[in-house]
Amino acid sequence: MSYPKGTIIRNSTPARLNHWLTAACFVLLTLSGLSMFHPLLFWLSSLFGGGQWTRAIHPWIGVVLFVSYCGLIVQYFRDNIWRREDLEWLRAINKVIVNKEEGVPEIGRLNAGQKFVFWSMALLVPALLLTGLVIWEYYFGRATSIETQRIALLLHSMMAIAAILVWIVHVYAAIWVRGSMRSMTQGYVTAGWAWRHHRKWFRDLVETDSPGPRPITNERGRK
Amino acid sequence: MASLAPTFGRGAMTNTWQDIKNANLVVVMGGNAAEAHPCGFKWVIEAKIENGAKLVVVDPRFTRTASVADYYAPIRPGTDIAFLSGVIRYLLENEKIQREYVRAYTNASLIVKEGYGFEDGLFSGYDHEKGQYEKSTWDYELDEQGFAKVDDTWEHPRSVMALLRKHVARYTPEMVSRICGTPQDKFLHICELIAETSAPDKAMTSLFALGWTQHSVGSQNIRTMAMVQLLLGNIGVAGGGMNALRGHSNIQGLTDVGLLSNQMPGYMTLPKDSEVTFDDYMKTRQFKPLRPNQTSYWQNYKKFFVSFQKSMFGDAATAENNWAYDWLPKLDVPLYDIIKAFEMMNHGQMNGYICQGFNPQQAFPDRGKIRRGLSKLKFLVTMDPLDTETSRFWENFGPQNPADSAAIQTEVFQLPTTCFAEENGSLVNSARWLQWHWKAADAPGQAMSDIWIMSGIFHRMRELYRTEGGVFPDPILNLTWNYTDPTDPDPEELAKDMNGRARADLTDPSGAVVKKGGQLLDGFAQLSDDGTTESGCWIFSGCWTDKGNQMARRDATDPRDQGIAPQWAWAWPANRRILYNRASADVAGNPWNPAKPIIQWDGAKWIGIDVPDYGPTVKPSESVGPFIMNVEGVGRLFARDQMVEGPFPEHYEPLESPAINVLHPKVQSNPAVRVFADDRADFGTPSEFPYVATTYRLTEHFHYWTKHARINAILQPQEFVEIGEALAQEKGIAQGSWVRVRSKRGFIVCKAYVTKRIKPLTVDGKPTHVIGVPLHWGFTGQARKGYGANTLTPSVGDANTQTPEFKAFLVNVESVNGPEA
Amino acid sequence: MDLTRRGFIKLTGASLATSSLSALGFGGSGAALAEAVRPFKLTHAKETRNTCTYCSVACGILIYTLGDGAKNARSDIIHIEGDPDHPVNRGTLCPKGSALLDIVHAPTRLQVPKYRAPGSSEFKEVSWDWALNRIARLMKDDRDKNFIAKNAQGTTVNRWLTTGMLAASASSSETSYLTWKVARSFGMLVFDNQARV
Amino acid sequence: MSNLQSQDYIRISATTVTPPAARSWEDQVAKLIDVTRCIGCKACQAACMEWNNLRDEVGFFEGTYDNPLDLDPHTWTLMRFTEYENPKGDLEWLIRKDGCMHCEDPGCLNACPAPGAIVQYANGIVDFISENCIGCGYCVKGCPFNIPRISQADHKSYKCTLCSDRVAASLEPACVKACPTGAIMFGSKKDMTDWAGERVIDLKSRGFENAGLYDPPGVDGTHVMYVLHHADKPSIYAGLPDQPKISSTVEFWKGLLKPLALGSIAFGVVAGFVHWITAGPNEVQPEDEAEANHLLASKGRPTADPSRSIAEETP
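Chains as they are written, first to last, in our numbering: chain S, 1 to 223; chain D, 1 to 821; chain U, 1 to 197; chain L, 1 to 315.
Hints in this document: simulated from the structure, not taken from any laboratory. Be aware that a few hints might be false.
Stated by the list, open to error - In the SDA-like style, the derived pairs of lysine to any residue whose C-alpha atoms are separated by at most 20 Å in a straight line are: (1) K378/D / F123/U; (2) K71/U / Q446/D; (3) K114/U / Q446/D.
Predicted, not measured: the structure shown is a model, and the values here were computed from it.
Let the sequences and hints guide you as you build the complete structure.
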């Protein structure tokens, strides 16, 4: 894939494919999960061919999502390591919220908000898988005690809600911060976008003459 | 039931199932009614709830019956006579008998002949060589008119009561506990509960079954309780009685119709070799009353016999040929029972065998011997709805049936028959009700009815005798066979045959015609000995009259809700529901228990909710006894010569026993029992086989049938034995693990059920363990393959009836890894 | 209604099906609605009265059959339950009786006459005629050869001991009577039933 | 199911509207299992299998009379046997018919996510309607008595229906009819409760001081009740719950969490929307592009073609 001149590659093609697989799974899981969670939303099961199909397919999508998200973890965890400037960025969150960039510290490839999303999901996805396995009637219905299953079911629901909330933040941020969406569809951002939102990352790329998404490193483990 | 007849005159359950609800005390001993007869047992529960009754269970195991009992006591298998003799002693010592009843309705007051005696375990007249008694001293002292002498004060030392007191004196509570292993306090508590029912308005019912019969002293087990019931005045009354709970749907009927080696329909008996002529035969069947005025109904024997022969042979049975007396086979031995049959087979004395709806390979003792016997036959015919083990005895099924097919030369015919749902007919239940049933669907495949098959065999045989001639064809050629379809007689026609009909116009004393020739009879009172009547089974006479099929009646009306339902179906004899019901009233004819009368004297006749088992207008003042079949007219505490091993019951150990007979070590087991030499060689000793085993049914299964039914196979899928926790611990047997149980005759490998419900008993100071062996498994059907309990059981029967001793024998047990080849 | 103890037992026992239940459940909804709950499988089944084949309590049973007996249909038993009119069982059945359907339809119900030749390790199917002819032949030959007309003392005894018969325990009295006639007309003495076990 | 009128139900799973109370529900039914009369014959089990056309696999003997070992989609009722030695040292064989209790407040129905898969009829019977069942197993978690079982064959949940088909045809349930000793009775809940009272009096007179009725209030009572000799210790009867109630975990999950969850999701969406309206999108400004290009140029990297605006994009 070629990128327009002067743009910065933000997400590599494999990463984007990985992301969208994850996203698709997440949406399907949300829809199917919610249909089994609240009677108001049971109609959503029609999207999957009815309740039986919804019940049958949901855990399998969950497994795919887990595997897919593991891929994301592999690809993104380095950029999600917590750094000192993240705290300062958070301190300036009131400015970020109202689109004021002045006084917001320069940050790397990902800001604290993005890292929050990443790590939340990195925690929630395996936990959802684990609790999901416990309540996966077909294979593991007799593997654990019913009391365990009850707790698993509650945790699964609560964590799913949490994941959905995180997801809302994630999606809204993508809508709100213009240019973000393209970074995940076409993979690139404009230099201005990089300058505005991830200046430190931008500087590193320029410094190492990297087209993105990561600075070129010469030594192992260092950029 | 060859144990009740010697006491009361008829061998059948005395009361109805529903009548159990009238009891004040229900004693289940020698049976497990809740498991074997759940729907009959409901009336025990009803008695508890409606009548405040108590339920007492005496059993080696804490059974499902015990689980709803008010009081339970354990007992060592095979010691019931000791227990019950102890009860009799308690009742006599504590004056807890219904004196007036005992005096008037039992033979307590009759004087026994001089010469009668009992010493060291033997009654007078024992022949050590033959192993039999000469029973002439077991009788009454007669006066000049041939009537038994009487002492109503019971002070005469040879009055039955005095002799009984003396006989049971040895059965002290200490002795009972020593023999039975029942703790004394429990035994005494049960005695107290039983004693309470000696009050005239209180009744105890005894429910028993094969737990009593399947012993070498089986008949005497029952007799002991029958005596208890007589002493308490509990026979003939509502909520009382000796209730023999028969095991199969029509085993009462088959017995009534005389399908036993020495029997004819209606409890007549086949002639013996010694009864050379018809006169000889009739001489021993005169039944002359032994007390003045008594009914002694068997005096009519000749009427029943002649009518039967007319039914069998029609015009060919005449006064001139003694009603074809010689056409009946004569017996050279008392019985050709099943144990005897397999003994004969094993000795090559039999060539053919027909098993109709019976599976001896599983159901009879010592399966190895059964298989060896069948292997020596030339041909075996099985008629059954199901694929029985017997029909496949020749097939190698591995350790459960290790047969060498190639070496077995028996021709086997497996004939498929209809089942209950596919035929019309009647069955006689335990309470003697003849109930008609109707066909619901056709049989599967080519299955045919037993009637069609038996007719088919008969016709072919008769045809062969007609065309080829042969030995003594007379009874075959002259057998009455005037059915509409000779190849497949209707059950309706056969039922009418049994009821009987007039062969000529019958007149009453005034000369008026009561029955025209060919008309169906109203009852056995119309039978005559001159050949003008015929009846295939006199006790059934009345079951299908000109008014129609009485067995099909469906009016469940039950006066006073007392459990009689007199219009439902039809009961023999003469639709009487409670036998000996005259004894429900006192000598003057007033009910002992005014709350639950059955019949009573109204000054002119007997009235009540049941048909009187008595002359309907016989005045109380005539002193006719209530036991109308007995020559004395009363119930027998002293059985005279009716039992082979003695007029009073005595405790004898089972043939295989862990204990020495502490009463008389020289006479360990029943001295009159019949044991074949090879079978005796197969008895084990306590040193090699230290544990007592007992076999039984589980409620989930019926014999060897329901393992063919999926639901029942699910409910109890696999063979197991029940072992007490103490023994299991001693032997290192884990719950649900595999064990091998061995007797001298074979072994079974099955699962172990380690239970609190069997506890070791202290017998004569020594701990004695009991192992329970449910019987239902085999190698055909839906349930898991098993050996069958009778791999272990000994081939010896009750001395009177040859009922096998399944309830007490010796085994050893060990833990194993699993079944082996 | 004054429910005394006795009265109550009667209510919940005998007349349960008629007096109590009709007031319960869907009484107000009408029959059509009742059927909507779940199809009631006996609606058009034929009911036949019979007696349980097992123990000797002799519980009354109702056999329900599919098919109305029309010529072109073969009826099949679909359900068996207790006869509520029967004075002993009053509609109840034990675990064996409740599963009678499975014995009627047992996979091991026999369908065809079979014969096993000497030394053979299998059954083969035969016709009824062949089987009965062969049985009669074997029986006649044995009877003619081994019949005892007179004993050693010269008494007429007319007995046949080398072929015996075991009669059933669940066949009807009518079958039993016919069996008695046939067996005894041959002079059979080794003749017994299942009364003891 | 569709042609039952809504008044014939008290409850329907996964609906958001409560059926109207158009009818008075005096005639609620109940099955009374009198454990003290039960002989453990399993007639109820056999009758249940026969009537409902259920046949499990033939199992093995596993050191217990409980056969099959547990409830399953083919076994809707099961006798459970306990050999209990009472404090006096006497043996009691406690035999309890296990199966659906038909709770007045059914945990299964509360937990069920599939509309109409579990219903409670006006007579109190809790019934599983297979065609609506999705096989999720939530009813298993909802049940305080561990009753429903999911079939591996058709992925639907099964349990005792209290023979709703028979009851609808004015017949008693199959197990009730079969029970030889009358240990299972059926009638109106009031009659059954009264009768249980009679039984308790009788039992107390026979020395069972703690005899009583098991009609647990934790689930608002049940339509299957037990008479127990030892009502003070239900758990000795093969683990009959002493004080059953719907698990608080399930209560919370099916209670507070539902509105809380939807509320918070809605809040999230609304918050985003409000933010969008108030703060608007965060867009890259021309200054940003200029600064960035400047930096790029300083390193000799190409910059964007100014004639083609790539900053304009729609999200």
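To see whether the hints hold, each was checked on the structure:
For a cut-off of 20 Å, the pair hint linking K378/D to F123/U stands: about 16 Å separates their Cα positions. For a cut-off of 20 Å, the pair hint linking K71/U to Q446/D stands: about 19 Å separates their Cα positions. Of the supplied pair hints, the one linking K114/U and Q446/D holds, its CA atoms being roughly 11 Å apart against a limit of 20 Å.
Comparing the model with each earlier hint shows no violations; every hint is respected.
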